[in-house]
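*Asks:* Same order as they appear, the protein sequences are chains A and B.
If you count by the numbering used here, then the first sequence holds residues 36 to 353, one letter each, in order.
If you count by the numbering used here, then the second sequence holds residues 36 to 353, one letter each, in order.
The hints are simulated quantities; they were obtained by calculation from the structure and are not laboratory data.
Any given hint might turn out to be false.
As the list makes no split between identical chains, a pair holds if one copy fits it or if it spans any two.
Lysine-lysine pairs mimicking DSSO-like chemistry, simulated, CA-CA at most 30 Å apart [claimed, not checked]: (1) K298 x K227; (2) K352 x K92; (3) K262 x K80; (4) K176 x K227; (5) K298 x K100; (6) K262 x K227; (7) K80 x K132; (8) K176 x K346.
There are 2 protein chains.
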Amino acid sequence: MNDILHSSALLKEHDNYHILIHAYPDGDAIGSGYALCRALHSIGKKANVVCTSPIPKMYSYIVDKVQMQDFAPETFISTDVADLRLLGNGYEQYEGKVLLSLDHHGTNKRYSKYWVIDPHAASACEIVLEVIKMLGVSVDKEIAECIYTGISTDTGCFKFANTTSQTLRNAADMLDFGIDAAEINRVMFETKSRNRIELERLALDSMSFHLGGKVAFVTITNEMREKAGASDDDLEGMTSLSRQVEGVKIGVTLRQKEDGEYKISVRTHPPVDAAEICSNFGGGGHVRAAGCTLSGAIDDIKEQMIEVCSKALEKCKW
Amino acid sequence: MNDILHSSALLKEHDNYHILIHAYPDGDAIGSGYALCRALHSIGKKANVVCTSPIPKMYSYIVDKVQMQDFAPETFISTDVADLRLLGNGYEQYEGKVLLSLDHHGTNKRYSKYWVIDPHAASACEIVLEVIKMLGVSVDKEIAECIYTGISTDTGCFKFANTTSQTLRNAADMLDFGIDAAEINRVMFETKSRNRIELERLALDSMSFHLGGKVAFVTITNEMREKAGASDDDLEGMTSLSRQVEGVKIGVTLRQKEDGEYKISVRTHPPVDAAEICSNFGGGGHVRAAGCTLSGAIDDIKEQMIEVCSKALEKCKW
Numbered sequence: 036m037n038d039i040l041h042s043s044a045l046l047k048e049h050d051n052y053h054i055l056i057h058a059y060p061d062g063d064a065i066g067s068g069y070a071l072c073r074a075l076h077s078i079g080k081k082a083n084v085v086c087t088s089p090i091p092k093m094y095s096y097i098v099d100k101v102q103m104q105d106f107a108p109e110t111f112i113s114t115d116v117a118d119l120r121l122l123g124n125g126y127e128q129y130e131g132k133v134l135l136s137l138d139h140h141g142t143n144k145r146y147s148k149y150w151v152i153d154p155h156a157a158s159a160c161e162i163v164l165e166v167i168k169m170l171g172v173s174v175d176k177e178i179a180e181c182i183y184t185g186i187s188t189d190t191g192c193f194k195f196a197n198t199t200s201q202t203l204r205n206a207a208d209m210l211d212f213g214i215d216a217a218e219i220n221r222v223m224f225e226t227k228s229r230n231r232i233e234l235e236r237l238a239l240d241s242m243s244f245h246l247g248g249k250v251a252f253v254t255i256t257n258e259m260r261e262k263a264g265a266s267d268d269d270l271e272g273m274t275s276l277s278r279q280v281e282g283v284k285i286g287v288t289l290r291q292k293e294d295g296e297y298k299i300s301v302r303t304h305p306p307v308d309a310a311e312i313c314s315n316f317g318g319g320g321h322v323r324a325a326g327c328t329l330s331g332a333i334d335d336i337k338e339q340m341i342e343v344c345s346k347a348l349e350k351c352k353w
Numbered sequence: 036m037n038d039i040l041h042s043s044a045l046l047k048e049h050d051n052y053h054i055l056i057h058a059y060p061d062g063d064a065i066g067s068g069y070a071l072c073r074a075l076h077s078i079g080k081k082a083n084v085v086c087t088s089p090i091p092k093m094y095s096y097i098v099d100k101v102q103m104q105d106f107a108p109e110t111f112i113s114t115d116v117a118d119l120r121l122l123g124n125g126y127e128q129y130e131g132k133v134l135l136s137l138d139h140h141g142t143n144k145r146y147s148k149y150w151v152i153d154p155h156a157a158s159a160c161e162i163v164l165e166v167i168k169m170l171g172v173s174v175d176k177e178i179a180e181c182i183y184t185g186i187s188t189d190t191g192c193f194k195f196a197n198t199t200s201q202t203l204r205n206a207a208d209m210l211d212f213g214i215d216a217a218e219i220n221r222v223m224f225e226t227k228s229r230n231r232i233e234l235e236r237l238a239l240d241s242m243s244f245h246l247g248g249k250v251a252f253v254t255i256t257n258e259m260r261e262k263a264g265a266s267d268d269d270l271e272g273m274t275s276l277s278r279q280v281e282g283v284k285i286g287v288t289l290r291q292k293e294d295g296e297y298k299i300s301v302r303t304h305p306p307v308d309a310a311e312i313c314s315n316f317g318g319g320g321h322v323r324a325a326g327c328t329l330s331g332a333i334d335d336i337k338e339q340m341i342e343v344c345s346k347a348l349e350k351c352k353w
């Protein structure tokens, strides 16, 4: 709370803000950056949101409502940026220059002079919301759209385990400003590129089941990516396909990299330990989601994976 | 509010309850029925949930925690039942015998002596929650699991337009009882049968684009259903596949029926009127979701649909 109070005092004191968000921005980066930008404008400050990569068109309902301002930047603030490097090209120019970082990543590198870091917040937007309230700014429909977008994005529309009761109450408050949350969710979660659809089709074609249907493999080769015209964006979330199938305890996605090696993503259901499976191949991660890299012929790789998965299932007496 | 007060008085007055839920029950039917059942048990009443069809295994985290009781039923209550016929086989035995109906369907047929019908509630569970509170029952973790399940199911995990700020606040309250909401959502939304996955694969194979990618067709033939081993349950939600594709304004799903006719489902993005498109073929529905039935060769049907879609797009100047 003191952090929030101090942050709002800092923001009142300074002016001419560049609000830095990470490259390849998602809904939380964009939502938190633009919400803060709007709030600063409303208290008479000059501010722009700055991002080194283009902001996806789907977020135009946020971006198009804010006019870029012409001024010489004096103060640098970051939202949702755990590490300065995540700013992308030219990040070095900001080293030692960021006044305040508002973030929800516990891993935040503390690269700024001051920070508010709350790893219990599901989104950076929830922290920005507190700062905005402390600034004395009245939240309006446009700010509410920004905040809701970030909360919804980072919780998978309230589906993930990071969703707290406070998250839901914050979202409820945003709905009370009259936003069209269903339309935001449609844009975020119900819209796929044709290339993505094509890649999913090919991925489903590649799906194979092993060990009595308890293990599922999805393979994504460079040839498939090329055939589908799929970008890196289109690959997002593909690792959840295999684990979704009823009866599957271990979902394995094998993605060929440009150099021909395979990046293996393992997703498990309790109590199978994904990190332990990947540690057999020098990889690691979390108990439900882990990864490793393997090289060689795809059939050999699959055989090795099946062997390790078989042992992991035995351990759980499955 | 008076309705809720009166309902709780009725429930305190009577005993030996059969709580009726609709056949082929979903999360809201099961959640509302079992939440009320648990609440009645906790004030010393005898109560069972009664359903004419088996309750899907995925809901065992609700059902397995409630012991069926042995008693002669005296009082019939329904939750989430808009029409007595929805009870399925043998519904006639309840005609004129239902004391109280707790429902959120504005179309409720008022078949009971008393009722609480609130079409603004996203789920029947939200109405049952109010009644439970008025009964003076302390909500516990198990009741919270039931209520959350219904709310989450009927709002597509808070994604749909029926989600109100009150819906989100009710869900937040349930989280405060320590439920594992993420696990409930995984079971509800992230689990697909192998047959469903196979049907999706075939459906994606069938996807075709027309009128510059603004119209997408998905065809599901009896042969495909048979090949995938897909049940009626597996067909649920398939109509949203085509509209999800970026750039698609009109998503059309053509599903062959057993008699060979095609059931056409049309899903549109604003401002295209789905009901108007279907009215050309004697069908109807809502502005974003409508349907009709056509017979004949599939290619002829598609040609007719394209013609009508083309006019609908022209009308919107697309």
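*Asks:* Now tell me, hint by hint, if it's right for this structure.
*Replies:* Against the structure, the hints come out as follows:
In this assembly of identical chains, the alpha carbons of K298 and K227 lie at most 30 Å apart whether taken from the same copy (23 Å) or from different copies (25 Å). For the homomeric pair K352 and K92, the shortest alpha-carbon distance between copies (21 Å) is at most 30 Å, but the shortest distance inside one copy (49 Å) is not. Neither within a single protomer nor between protomers do K262 and K80 lie at most 30 Å apart by alpha-carbon distance, with minima of 49 Å and 63 Å respectively. Taking the shortest Cα distances, K176 and K227 sit within 30 Å of each other inside one copy (27 Å), while across copies they are farther apart (37 Å).
Taking the shortest alpha-carbon separations for K298 and K100, neither the intra-copy value of 40 Å nor the inter-copy value of 42 Å comes in at or below 30 Å. Within a single copy, K262 and K227 get their C-alpha atoms as close as 17 Å, and across copies as close as 26 Å, so both meet the 30 Å cut-off. In this homomeric assembly, K80 and K132 come within 30 Å of each other (Cα to Cα) only inside a single copy, at 19 Å, whereas the closest approach across copies is 67 Å. Taking the closest pair of Cα atoms, K176 and K346 never come within 30 Å of each other, the shortest separation being 54 Å inside a single copy and 36 Å across copies.
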